[in-house]
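As a plain string of letters, each chain reads:
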Amino acid sequence: MSQIISVRNLSKSYGSHQVLSNVSFDFEGGQIIGLLGPNGSGKTSLIKILTGLINDYSGEVLIDGNKPGKVSKSLVAFLPEKTYLASWMTSDDAVNYIADFYDDFDKAKAMHMMDVFQLPHKQKVKTMSKGMQEKLQLLLVMCRNAKLYILDEPMGGVDPAARDFILETILKNRPEGSTILMSTHLIQDVEEIFDSILMIGRGSLLMKDTVANITKSGKTINDIFKEVFSVDWNF
Amino acid sequence: MTGTSKPKGKFLMLLKNDFLASARVISLFYIALVLLIGIFGICVAVSGADGVSMELASKFTTARNVSIILSILVSFLLIFVTFFFVVYDFFKSLFSPQGYLSFTLPVSSNQLLGSKVIVYGGWMLLSYAAFMFTSVFLMNYTADQVIGMDKISLAETFLAMLGDFPSTTQIVAYLVYMIMMFFVIFLSFVSIVYFSITVSHVRLLQKHSIVASIVIFFATAIAFLVISFKMTEIVNFVMVFNEDKTLSFGLLRPDEYLTGNALGMEVTPGFAFLILDIGMFFLTSYIMHKKVNLK
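Chains as they are written, first to last, in this note's numbering: chain Y, 1 to 235; chain P, 1 to 295.
Some hints here could point you the wrong way.
Calculated lysine-lysine pairs in the PhoX-like style (CA-CA distance at most 20 angstroms, straight line) [as the list claims (entries may be wrong)]:
1) P:Lys16 / Y:Lys70
2) Y:Lys107 / Y:Lys172
3) Y:Lys67 / P:Lys290
4) Y:Lys107 / P:Lys291
5) Y:Lys70 / P:Lys290
6) Y:Lys124 / P:Lys92
7) P:Lys92 / P:Lys207
8) P:Lys290 / P:Lys207
9) Y:Lys126 / P:Lys92
10) P:Lys92 / P:Lys290
11) P:Lys16 / P:Lys92
12) Y:Lys82 / P:Lys92
13) Y:Lys67 / P:Lys291
14) P:Lys291 / Y:Lys70
15) Y:Lys82 / P:Lys295
Since the hints were made in silico from the structure, they are not lab data.
All of these numbers come straight from a predicted model, not from anything done at the bench.
Using the sequences and the hints given, assemble the complete structure.
Put into structure tokens, the structure is as follows:
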């Protein structure tokens, strides 16, 4: 299988502050990859680079063989941590907007999922609860038949019931052969779904391996994460 | 799985969505304006109709006068609302969390910026045209009522003041010149606004983005004026309205075309602004692509 993500000697700094330092890794397609690291580890910067939101970096980044740009953006479905929809949009407006730009968007499925998620078609984003906004954004992302899904903390700040719902929606609607790169702090809740792990800290790549290899010793991903990063909290 | 990208199609989608986003508010003012002009028309028709009582005619005349004032007010307000949207939508859709959606669309930053320049530049021109049309139309009607002149005689009086000059060709050339100059000025205004907002969202200035964008706006506007002035000093291309009703063009000094009854219109500043606008477009697009930091 070809490399869906290929990163070579990636470095990024903001002024004198280096957030990513000479990071290199590859991933084959068809996996669920956990992007793990504490706050400030460089996860968000890496995601912004992969999604084409940051373009001044050194090194090489390829998404399915394409540099981040128009083509790669048509292959990637991105779920940011923030609410990115315009407040005046209704659910229908949001669906039509995404359908206008992405050829792989399944509008019929989106309309059906809106009913399943109990999202009123004509309700404006600004009058929706945070939970409804998150459902709508998740729906917009998972109704695409993308090659790569990049999900930034999809379960951050939601209750356990909502976490199960989000996870189920992601797994149920993921097209066969697609890849998911998911950043999360809630390792315990999701570690069983990961095929591979990418752990970054202090701007460097600390671990990149399959879950099968990592857990051979009997330790969980959560245990490994604590071992790697507990040093940051021991003074 | 598909990843097919149709650049032209996507640009049209950008235009469509930028238009829809702006039209939802701006169009309300156009609807209000059309309604007010409609009310004005009805009032004129009823107050002047045969068999209408003096009392009713008086009420409709009052309503007509109110509709004239409101129409001019709404058309004036329209310019400010459009200006507000030029700034607000650009900031909101690109540099607030909505930027996470806009900048991950399968389009280039040239297309993102180009769509906004076309849609909002278009709205600005249209709003100004609506204001001019409303003002001229209603003021002409008022003048007609107050001083008893109709449109034709008013125009004839104006032309008579200028003697036998200018000719139809000169009037057409003057109108084309004015329209082009307005177009370039609006384009420059929009491009300077977009440049200022974009630069104020690079990491270095982000903490003080409002102050930064205001300072950059005025600094850039002054730079535009200075550059166009200098270019005009070097190459002063002029359209001259000659006394013999002809038009001529040439590289002239002011003392060469501001003599006698000849009138010269400088073309160089318009070209200078246009060249600066094009440069500003690509510079803004580059900064947007390479340097902007989304929070």
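So, against the hints stated earlier in the document, which numbers end up violated here? 4
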